[in-house]
Amino acid sequence: MKILNILTRSLIVASFLMMIPATAQNTNLGVNSGTGGTDNSNFGVSAGQNLATGGNENTFIGYFAGQSNTTGDRNTFMGSNAGANATSTRNTFLGSYAGELNTSGGSNVYMGFYAGRNNTSGSRNVCIGKDAGVWNTTGSDNVFIGFGSGKDETGSHKLYVDNNYNATPLIYGDFSSDKLGINTKNLINSLGNMNLSAYSMYVKGGTIAEEVRIRTGWADYVFDNNYKLMPIHEVADFIDKNGHLPNIPSAKTVESEGLELGVITTKQQEKIEELTLYMIQLQKQLDALKEKLKEE
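One point on numbering: in our numbering, the residue at position 34 of the sequence shown is 62, and numbering is uninterrupted.
Honestly, the hints are just simulated from the structure, not real lab data. Note that the structure is predicted; figures quoted are calculated from it, not measured. We put the CB at the ideal spot given by N, CA and C, even for glycine. There's no promise every hint is true.
[Claimed, not checked] Straight-line distance between alpha carbons at most 25 Å, and here's what the computed SDA-like set of lysine to any residue pairs gives:
(1) 256 / 306
(2) 213 / 152
(3) 213 / 189
(4) 207 / 229
(5) 295 / 261
(6) 299 / 282
(7) 295 / 260
(8) 299 / 289
(9) 256 / 305
(10) 158 / 102
(11) 207 / 191
(12) 299 / 261
(13) 295 / 240
(14) 280 / 298
(15) 299 / 266
[Claimed, not checked] With beta-carbon atoms standing in for the labels, derived distance ranges:
(16) 321 / 294: 39 to 47 Å
(17) 316 / 261: 14 to 22 Å
(18) 266 / 317: 25 to 33 Å
(19) 258 / 288: 22 to 30 Å
(20) 271 / 324: 40 to 48 Å
(21) 308 / 266: 20 to 28 Å
(22) 67 / 236: 49 to 57 Å
(23) 288 / 232: 19 to 27 Å
(24) 215 / 66: 44 to 52 Å
(25) 53 / 73: 16 to 24 Å
(26) 231 / 53: 52 to 60 Å
(27) 53 / 152: 25 to 33 Å
(28) 283 / 244: 17 to 25 Å
(29) 244 / 183: 35 to 43 Å
Using the sequences plus the hints, can you model the full thing?
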């Protein structure tokens with residue numbers, strides 16, 4: 029009985045597939061679904077309707093999906109009006125109206141209702157989420173991830189990661205300058221008197237971490253027999269003249285240039301170890317005085 033049921037179902041599926049029109053190695057189903065080009069699959073009313081010679085290896089599923097495509101190839105559009113006006117190549121649009129107004133932009137990935145809908149000529153964009161990048165009309169090389177992310181961004185080479193229509197996204201970046209911001213779109217080059225142009229990330233507000241691990245050199249060279257410990261009176265003279273310890277940056281330098289955490293930690297350890305040597309010297313001198321007093 030099971031074998032009979034399997035055979036019956038197989039015959040039904042085969043009969044259905046035979047009813048689907050196939051032309052020039054195309055598969056199409058739906059009123060006005062496309063028949064042009066080769067190796068295309070068009071399912072839905074007017075899906076791929078205008079495909080012509082050269083429009084190959086496309087998959088259009090949904091009402092008016094890829095309807096205006098003529099010679100574009102290797103596109104995948106799924107959803108009502110997805111890529112309805114596109115004539116370009118290698119796009120993936122998933123969702124109703126995703127990439128609907130795209131005409132010449134290629135290699136885009138739009139996923140979600142209205143994702144990338146108004147971008148007409150931009151290429152290599154990634155928009156994931158409802159309304160992601162919806163008002164970007166010509167930008168290229170953008171990455172918008174999250175509900176409404178990058179909705180009002182009009183430029184190119186931008187990164188947005190957020191979950192709402194926020195003017196200030198959780199994560200914002202500019203690929204053209206290799207800069208990244210957290211909780212800010214203001215990728216500044218300076219903070220007060222400090223030059224930030226050489227740094228890749230700016231965090232607005234404070235950060236808290238349970239642990240920060242830095243791999244850097246350490247100051248045990250102070251205990252090397254060849255290390256020249258500055259006499260304490262020279263240290264005093266240096267402080268009187270400069271207002272800070274030797275081999276430690278001044279307050280003015282820190283204000284204008286900032287600090288490298290690994291470097292300053294090593295420098296501070298250097299001073300701790302030097303201080304230990306000074307204390308050892310003092311202890312030796314104190315012990316010598318005690319012995320001298322005993323002899324007297």
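Which of the numbered hints above does this structure break? none
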